[in-house]
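Trainee: Residue numbers (our numbering), protein chains in the order written: chain R, 1 to 626; chain V, 1 to 240.
A few of these clues could be false.
[Unchecked claim] Covered stretches of chain R, as calculated for chain V (at least 3 residues, CB under 8 Å):
hint, region
1, 287 to 294
2, 468 to 482
3, 516 to 522
4, 525 to 538
I should point out that these hints are in silico values taken from the structure, not numbers from a laboratory.
The structure displayed is predicted, hence computed values, not measured ones.
Every residue gets a Cβ at the ideal spot worked out from N, C-alpha and C, and that includes glycine.
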Amino acid sequence: MVEQVRKLLDRKLKNALQLEQLRQTILNDKDSSRVTVSVCGGTGCRASGAQAVVDAFYEEIEKQELQVKIEFKETGCHGFCERGPVVVIGPEKIFYQHVKPEDVPEIIAQTVINGEIIRRLLYKHPATDEEITYESDLPFYKRQMRLILGTNGEIDPTDITQYIAAGGYSALSKAVLRMSPEKIINEITRSGLRGRGGGGFSTGRKWQSCRVAEGDIKYVLCNADEGDPGAYPDRSILEGNPHSVIEGMIIGAYAIGSNQGYIYVRNEYPLAVEHARIAIDQATDYGLLGENILGSGFDFKVTINKGGGAFVCGESSALIASLEGKVGEPKAKYVHMSEKGLWDRPSLLNNVKTWANIPLIINKGADWYTKIGTDGSKGTMIFSLVGKINNSGLVEVPMGITLREMIYEIGGGIPGGKKFKAIQTGGPSGGCIPEQYLDTPVDFDELKKLGSMMGSGGMIVMDEDNCMVDIARYFIDFLKGESCGKCTPCREGLSKLSEILNRITHGEGRPEDLETMQDIGEILDIGALCALGRTATNPVLSTIKYFKDEYIAHIRDKKCPAGVCRKLIEFSIDPEKCTGCGVCARACSTKAISGVKREPHVINQGMCIKCGACFDSCKFNAVIKR
Amino acid sequence: MTKYWISSETSVEINDAPDVNAVHFNVDDKNIMVSAGQTIYEALQRMPGIGEIPALCYNPAIRPYGACRLCTVEVSEDRGKSFRFVASCLYPAKEGQIVKTNTEKIRKLRKGIIELLLARCPDVRVIQELAKEYGVEKPRFSLGGHDCILCGLCVRACQEIIGKSAISLVNRGIYKEVAAPFYAYELGEECIGCGDCSYVCPTGAIIMGSNGKPVLPRVKIPYAEVGAMTSKEKLSTSQK
Ligand SMILES: Cc1cc2nc3c(=O)[nH]c(=O)nc-3n(C[C@H](O)[C@H](O)[C@H](O)COP(=O)(O)O)c2cc1C
Ligand code: SF4
Ligand code: FES
Numbered sequence: 001m002v003e004q005v006r007k008l009l010d011r012k013l014k015n016a017l018q019l020e021q022l023r024q025t026i027l028n029d030k031d032s033s034r035v036t037v038s039v040c041g042g043t044g045c046r047a048s049g050a051q052a053v054v055d056a057f058y059e060e061i062e063k064q065e066l067q068v069k070i071e072f073k074e075t076g077c078h079g080f081c082e083r084g085p086v087v088v089i090g091p092e093k094i095f096y097q098h099v100k101p102e103d104v105p106e107i108i109a110q111t112v113i114n115g116e117i118i119r120r121l122l123y124k125h126p127a128t129d130e131e132i133t134y135e136s137d138l139p140f141y142k143r144q145m146r147l148i149l150g151t152n153g154e155i156d157p158t159d160i161t162q163y164i165a166a167g168g169y170s171a172l173s174k175a176v177l178r179m180s181p182e183k184i185i186n187e188i189t190r191s192g193l194r195g196r197g198g199g200g201f202s203t204g205r206k207w208q209s210c211r212v213a214e215g216d217i218k219y220v221l222c223n224a225d226e227g228d229p230g231a232y233p234d235r236s237i238l239e240g241n242p243h244s245v246i247e248g249m250i251i252g253a254y255a256i257g258s259n260q261g262y263i264y265v266r267n268e269y270p271l272a273v274e275h276a277r278i279a280i281d282q283a284t285d286y287g288l289l290g291e292n293i294l295g296s297g298f299d300f301k302v303t304i305n306k307g308g309g310a311f312v313c314g315e316s317s318a319l320i321a322s323l324e325g326k327v328g329e330p331k332a333k334y335v336h337m338s339e340k341g342l343w344d345r346p347s348l349l350n351n352v353k354t355w356a357n358i359p360l361i362i363n364k365g366a367d368w369y370t371k372i373g374t375d376g377s378k379g380t381m382i383f384s385l386v387g388k389i390n391n392s393g394l395v396e397v398p399m400g401i402t403l404r405e406m407i408y409e410i411g412g413g414i415p416g417g418k419k420f421k422a423i424q425t426g427g428p429s430g431g432c433i434p435e436q437y438l439d440t441p442v443d444f445d446e447l448k449k450l451g452s453m454m455g456s457g458g459m460i461v462m463d464e465d466n467c468m469v470d471i472a473r474y475f476i477d478f479l480k481g482e483s484c485g486k487c488t489p490c491r492e493g494l495s496k497l498s499e500i501l502n503r504i505t506h507g508e509g510r511p512e513d514l515e516t517m518q519d520i521g522e523i524l525d526i527g528a529l530c531a532l533g534r535t536a537t538n539p540v541l542s543t544i545k546y547f548k549d550e551y552i553a554h555i556r557d558k559k560c561p562a563g564v565c566r567k568l569i570e571f572s573i574d575p576e577k578c579t580g581c582g583v584c585a586r587a588c589s590t591k592a593i594s595g596v597k598r599e600p601h602v603i604n605q606g607m608c609i610k611c612g613a614c615f616d617s618c619k620f621n622a623v624i625k626r
Numbered sequence: 001m002t003k004y005w006i007s008s009e010t011s012v013e014i015n016d017a018p019d020v021n022a023v024h025f026n027v028d029d030k031n032i033m034v035s036a037g038q039t040i041y042e043a044l045q046r047m048p049g050i051g052e053i054p055a056l057c058y059n060p061a062i063r064p065y066g067a068c069r070l071c072t073v074e075v076s077e078d079r080g081k082s083f084r085f086v087a088s089c090l091y092p093a094k095e096g097q098i099v100k101t102n103t104e105k106i107r108k109l110r111k112g113i114i115e116l117l118l119a120r121c122p123d124v125r126v127i128q129e130l131a132k133e134y135g136v137e138k139p140r141f142s143l144g145g146h147d148c149i150l151c152g153l154c155v156r157a158c159q160e161i162i163g164k165s166a167i168s169l170v171n172r173g174i175y176k177e178v179a180a181p182f183y184a185y186e187l188g189e190e191c192i193g194c195g196d197c198s199y200v201c202p203t204g205a206i207i208m209g210s211n212g213k214p215v216l217p218r219v220k221i222p223y224a225e226v227g228a229m230t231s232k233e234k235l236s237t238s239q240k
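Let's have the full structure, built from the sequences with the hints guiding it.
Mentor: Pasting the structure below:
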């Protein structure tokens, strides 16, 4: 219907009124008696089989001719990826987890048609075993504030009319038709929004310096490189709500006076690329991109560029080099990119999340926005909460929430009754924060004070089974591999840090190692060319600071207290507890365990490769790891 | 009238007339005046004895690159309230700034960089000399067997001066090295045998071969062995 109306008019939206009329038509068109069924089609849920569930729904709806009764859509990521495939049945938002294609006929017959709940598909509280029916009651969602991600679960990202129905492009219309560039920049500055890509620079100030920079050609860039292992908020937004990013970019472009934008997106994100491309095409069709946007006289185009595939390509100067078709290596930024960026023209680079915040601020105003968050950090932040945590997934929280609330309320605590040890924020070059600082609010400056950072939204929880020396080794090895190798401190320093950490975890640590590593840390901190090198030592320095005992245990006592570093542990069998069942002997791949049935067994240390199979297989806890 | 130093011993007194083509600033407590449009390092090249800045990846004929980081200095643009660390080979000389080239922190940084470079290239004379100057005795790390410090001068000379790009820097991190197109070590057609790369090389890592073409330094582990650069157990070249 909407399509027909538009075709009938056969023209682009020419002014604000037409946009509002279109929105009204779409809304009126919506039959509120239809039951909405949304299946999460984000990459996480696709990985657990969402596509088959979607197909099953289509088939079943067709078979039973339920098109008039059901409004079915495949949406972007709902955040609770661990429970995927996720199906949400509205308006009351019944939440079904781990849905399989076989469940679909039952969901339609019972829940959609008869309004009955299928208990087996409900989420069960890990502590109380209580079944939870509605999405909003899930502890995972309860403490969140999903200003940006909320829309993800409600719209089909490949259909612009759904974004428009949800209020989309009203900020654009307000900005380009009723606000001056100065007023927009002022509003963004007042909102206190800080860049969500890692640096935390004031977005308004960045826009202002780009606006005043000389040059008639300027560029607007979106950083969707997202190279942090395990973090995926940017992907989810681009996949699930690409129009919010594009709308933000158009407003930014209008504010600084740019007519060309680029989205630099990581090559490994095919779905994000596809959805962004569809969104750009549709927005262009509707006259929201292209020439004379909404009759404002302002022109803007967006092009997608696929990334060079390295972590460092997310760094602003490397990103520009990569966009220009050169090797993605950082350059010194003594002339700011707001003056000389892409092809030496003034360029405005913001992160995906930063862009997605813009329509919100324009619509609701800086005064509203500043009410959320802390003094120095406003609004919400999106993290991927992963690691040793019950509820992992994408969470959006107001700034100022404490790490403890994130871990224990949203994350549901540590699985298996284990003890919390540390949380790493800010991606691979973030620091590890220990228990005693869990009441720290999530805030750019507070995290930095602790030797970590906000970064781009990574958050990894570690428990007593994690060895902090091994964690530091892991991240340094990652960063060593990602260092572009241009400057000496980063290239050589990380390689030496990695060498030392590998030695320590192999039981060959030396007393002077800690000091040597701290020295390298200082060299990188002040000497490295780009922020990759400058922040790379956070994982080492923070673990030395907060978990020195563990380093000393490795170096002096040649022990790994967490039992992770293989060279430093030994498995043995407690003869008191061993029943001689022989399970461990069968589990051992090197046949290092011997013994007579029903008599205590023993491990031949010479043959043991310390794989831990016996430890995991023993039902009587008779295997001792030391 | 202000006194400006033109070398560590000589100074001149100059009327403070505004001059858009000049930049006045302070280096290690001496006021200096240089023509505008230069980097700090360039400017100081013409001021013997003022400032003390080592550099390895710099060559006056080639655009600065900022890779070795030895030329790092402290710069203040707020009359000394706050200082930051910048590479002087790239940082523009600006009116009124205060530059410190030899603070304790800078010396510690340079010493650290030299220690790292000496561990990479224990047999290279220039590095050994710098090590002596900065009091680095024996690196605390395992030693490698390289001659190349990856300053990129050869690659930049070939591209900027000769206009050929017969060699380039390939790969990343510790696996970075100088190679011919398609990751070959033998130079092909593109190389005209001018020898410029060998001439600008600060460490003598590139020598001209009997075929009239340069012999490139080789990182000692073949690429195939390290796979797709994931760092796993196989460590750097320097692990022996
Ligand atoms: C090694 C490195 C990797 C980075 N990766 C990203 C990234 O993946 N996405 C991103 O938005 N910013 C990344 N940044 C930060 C960018 O350089 C830049 O600060 C940011 O995109 C600016 O946008 P913002 O002001 O909206 O945060 C990275 C920085 C460094 C040093
Ligand atoms: S700090 Fe590391 S990543 Fe950045 S320029 Fe230097 S070598 Fe490259
Ligand atoms: S000379 Fe400036 S970084 Fe090497």
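Trainee: Does each hint hold? Answer for all of them.
Mentor: Against the structure, the hints:
Given a C-beta distance limit of less than 8 Å, the hint that chain V covers the region 287 to 294 of chain R is violated, as 0 residues qualify and 3 are needed. Taking a C-beta to C-beta cut-off of 8 Å, the region 468 to 482 of chain R contributes 5 residues in contact with chain V, enough for the three needed, and the coverage statement holds. Only when three residues or more bring their CB closer than 8 Å to a CB of chain V does the claim for the region 516 to 522 of chain R stand; here the count is 4, and the claim holds. Taking a C-beta to C-beta cut-off of 8 Å, the region 525 to 538 of chain R contributes 4 residues in contact with chain V, enough for the three needed, and the coverage statement holds.
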